[in-house]
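Between the sequences and the hints, there should be enough to build the whole structure, so can you do that?
Number of protein chains: 2
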Amino acid sequence: MDNQLVESIVNEVIKRVQDEACFEVEASGKHVHLNREAIDALFGEGYQLTKARDLSQPGQYACKERVTLIGPKGSLHNVIVLGPERKQSQVEISLTDSVVLGVSVPVRESGKIDGTPGVIIAAGSNLHKLDQGLIAAQRHIHVKAEDAAKFNVTNGEIVQVKVMGKRPLIFDDVLIRVSPNFETYMHIDYDEANACGFVKGTKGQILKKSK
Amino acid sequence: MDNQLVESIVNEVIKRVQDEACFEVEASGKHVHLNREAIDALFGEGYQLTKARDLSQPGQYACKERVTLIGPKGSLHNVIVLGPERKQSQVEISLTDSVVLGVSVPVRESGKIDGTPGVIIAAGSNLHKLDQGLIAAQRHIHVKAEDAAKFNVTNGEIVQVKVMGKRPLIFDDVLIRVSPNFETYMHIDYDEANACGFVKGTKGQILKKSK
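First to last, the sequence lines map onto chains A and B. In terms of my numbering, the first sequence has 116 at position 110, counting the first letter as 1, and numbering is strictly consecutive. In terms of my numbering, the second sequence has 105 at position 99, counting the first letter as 1, and numbering is strictly consecutive.
Since the hints were derived computationally from the structure, they do not count as laboratory data. Possibly wrong hints are sitting among the right ones.
Because identical chains share one entry, a pair is satisfied inside a single copy or across any pair of copies.
Straight-line Cα separation of at most 25 angstroms, SDA-like style, residue types lysine to any residue; simulated pairs [stated by the list, open to error]:
{"id": "1", "residue 1": "K168", "residue 2": "V205"}
{"id": "2", "residue 1": "K118", "residue 2": "G203"}
{"id": "3", "residue 1": "K206", "residue 2": "V109"}
{"id": "4", "residue 1": "K172", "residue 2": "S116"}
Written out as structure tokens, the structure is:
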């Protein structure tokens, strides 16, 4: 084999191995997950959320319903409701959004809302007071169970991720969430998306374990 | 010497060397630099900007004057003017701000504004149309000339910086700017500040050269 051929095979193998280890990044805007009590209060007893489009995670969808979040300093309008209905309501905003509301919001893993601040949710003239559940979501990767071995990660692990946006950076403290119900996507919020120059199709790659 | 003593000396040396290699990070909000023509148009012929407080960079200061930026989709109010007067006007906003204005803004090194979009600046009922100069500032470190050797960097170099905020991350593509007129501070915008969990006093450290 001549050297040029060897070179091109080596490059092709490297490219494919690298592609293999990459995953797509998605930026999540502010959104709310509602429980039955909240849906009843905001949209009426027994109301069913209306699916508008599927999200990347199987079974999760964007709804047609929109709400307003009301904080001590200001409001966020036209906030999307994600379905399906959950056991506990949770409101996910960015730190930029938290400045508009005038609430200091902690960075938390989804679902871990003990001791987090509350917020008032409005839909039309209906109000629902959430006592807790307002968070900035900790950046995370949903890993499909069969991809966990490929990426050499386990559920709950914290990793570093290089994001190849237009302003490349390496996110530390990225939470790994593994489930057979997931598709493999990394989720960041819009502060993080803007900081890395995210555009649709931006890829990420796990660099090494954090700590 | 016993092992414990050796250990404590080693740890103290490591701590001091690391402290040595750290610098403070500052988050810059949206702001404008104005030239004579812009100051005349916005505040009146021959008007002198009013210093309100000094900034970390020697000779640079925040002014009492505020302006409004007007874009095709929306406006940004109460935008601070920085002094002193410059040879060319420049408006620095975050990518989040650019969504409010409705303008696609490039990430640029300060001063490199050829081919960048313009924006309308308003002060009271006075308007000034900037044909170019609207940028998102490329993250950078102002390095005091005598610190350049300590950090092993030269002017114009691109480095990686680990920022020890509450959401730690490593910024790639950080521009080094060296001048005897600088004090050593890293500057990021508020998208980047929120993405790394910046609070006043957050420190950064150069990790290694990029590329």
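Quiz item: For K206 vs V109, is the C-alpha pair at or below 25 angstroms within one copy, between two copies, both, or neither?
Solution: between (30 angstroms within a copy, 18 angstroms between copies)
Self-check item: Within, between, both or neither, where K168 and V205 count as close if Cα-Cα is 25 angstroms or less
Solution: both (15 angstroms within a copy, 23 angstroms between copies)
Quiz item: How would you classify K118 and G203 at a CA-CA limit of 25 angstroms: within, between, both, or neither?
Solution: Between copies, since 19 angstroms is at most 25 angstroms while 29 angstroms is not.
Quiz item: Taking 25 angstroms as the upper bound on the Cα-Cα distance, should K172 and S116 be classified as within, between, both, or neither?
Solution: between (28 angstroms within a copy, 17 angstroms between copies)
Of the numbered hints listed earlier, not one is contradicted by the structure.
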